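If you want the building blocks of each chain, they are given just below.
2 protein chains.
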Amino acid sequence: MSQYGSAVEYALHCLLYLVGSDRDTARSTRDIAEFQELSTDYVAKLFTRLQKAGLVTAIEGARGGFHLARAADDISVLDVVDAVEGHKPLFECREVRAKCALFDDDPPAWSGRGVCGIHAVMLKAEAAMRESLGQSTLAQLAGHVGKVVPEAHQRAARTWFEERQATRGRRARKGS
Amino acid sequence: MSQYGSAVEYALHCLLYLVGSDRDTARSTRDIAEFQELSTDYVAKLFTRLQKAGLVTAIEGARGGFHLARAADDISVLDVVDAVEGHKPLFECREVRAKCALFDDDPPAWSGRGVCGIHAVMLKAEAAMRESLGQSTLAQLAGHVGKVVPEAHQRAARTWFEERQATRGRRARKGS
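As they're listed, the protein sequences go chains A and B.
First residue of the first sequence? That's 1199 in the numbering used here, and the numbers climb one at a time after it.
First residue of the second sequence? That's 1199 in the numbering used here, and the numbers climb one at a time after it.
Don't read these hints as lab results, they were simulated from the structure.
Every value quoted in this text rests on a predicted model; they were computed, and no experiment measured them.
Hints may be right or wrong, so weigh each one.
Heads up, the list lumps identical chains together, so a pair's fine if it works in one copy or across two of them.
[To be verified] Straight line, CA to CA, 30 Å or less: simulated DSBU-like cross-link-like pairs of lysine-lysine:
id, residue 1, residue 2
1, K1372, K1322
2, K1297, K1372
3, K1345, K1322
4, K1372, K1286
5, K1372, K1345
6, K1250, K1372
7, K1297, K1286
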């Protein structure tokens, strides 16, 4: 298993659909799920974590949904990774150093003092990885998408979401 | 699951016992396993991978075992990680970008062109992590151990291994 997988990838994709939206154009998890051919439950779970981490804001009501809680250039990939995965360590130290045939099952105090040397090396590598993820923002990702996705598809996607939202709005008004 | 776990930790610990040893003082996997209270099979498997990666050299015979294939300052933590785990990616890209309600199960060529933007960010973070691991050497780890482990224990450990090896040498001579 890799450190990061589909949850991070889907969360970032989901958030990309919120870039540029505000409280009036919030996207519902149902629409986001359907647009990406994912289960609504799965996307809802991702958004629960993203909301808990303060990255998205929920808007109630028939035309409700989520919008970004702050500017896309103020949301790093690391923010999203931590929101979805928690602060998942790169290395799980089992404190192997406490085991030795000479210790007679009673490791001396010095064997567990301070951070294990191997763990320290891994923590440094993790810090380098996290620094790199912290330097990439959702705005940069959205910029990349803006360059590689044809304008016609971007327009079609916006229209798809707007029509969904409008339909729900009309249904809600009828029902009231 | 973290990216790296006990296999990397044990492999590094095992290699630390080889620092300073040469073909005349090769350590057997049985001794290394017993000293760390591990199964011999498990340690033998780790050494198969370490040998395949060119990090250790096997010496045949009753007093045989393994020694480092090159200087400890020429073996990085990254070398050991890759030997044990293979080149395990930090992020597994599922190519989520190919799924979209507007594609009708037939994603256009542009949707899969080049490296996915999210994957690119992850590859950059992985490179930063690998660079950091590549900068740490087995010699540095051994230096750290030399500082925190009391001289008396280091001496006792050396004696333990030497006595084991000598006993096996005597047994082999008696048997011949």
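To see whether the hints hold, each was checked on the structure:
| no. | hint | in the structure |
| --- | --- | --- |
| 1 | K1372 x K1322 | neither (59 Å within a copy, 51 Å between copies) |
| 2 | K1297 x K1372 | neither (71 Å within a copy, 33 Å between copies) |
| 3 | K1345 x K1322 | between (34 Å within a copy, 19 Å between copies) |
| 4 | K1372 x K1286 | neither (47 Å within a copy, 55 Å between copies) |
| 5 | K1372 x K1345 | neither (40 Å within a copy, 77 Å between copies) |
| 6 | K1250 x K1372 | neither (33 Å within a copy, 71 Å between copies) |
| 7 | K1297 x K1286 | both (25 Å within a copy, 28 Å between copies) |
In summary, the numbered hints that this structure violates are 1, 2, 4, 5, 6.
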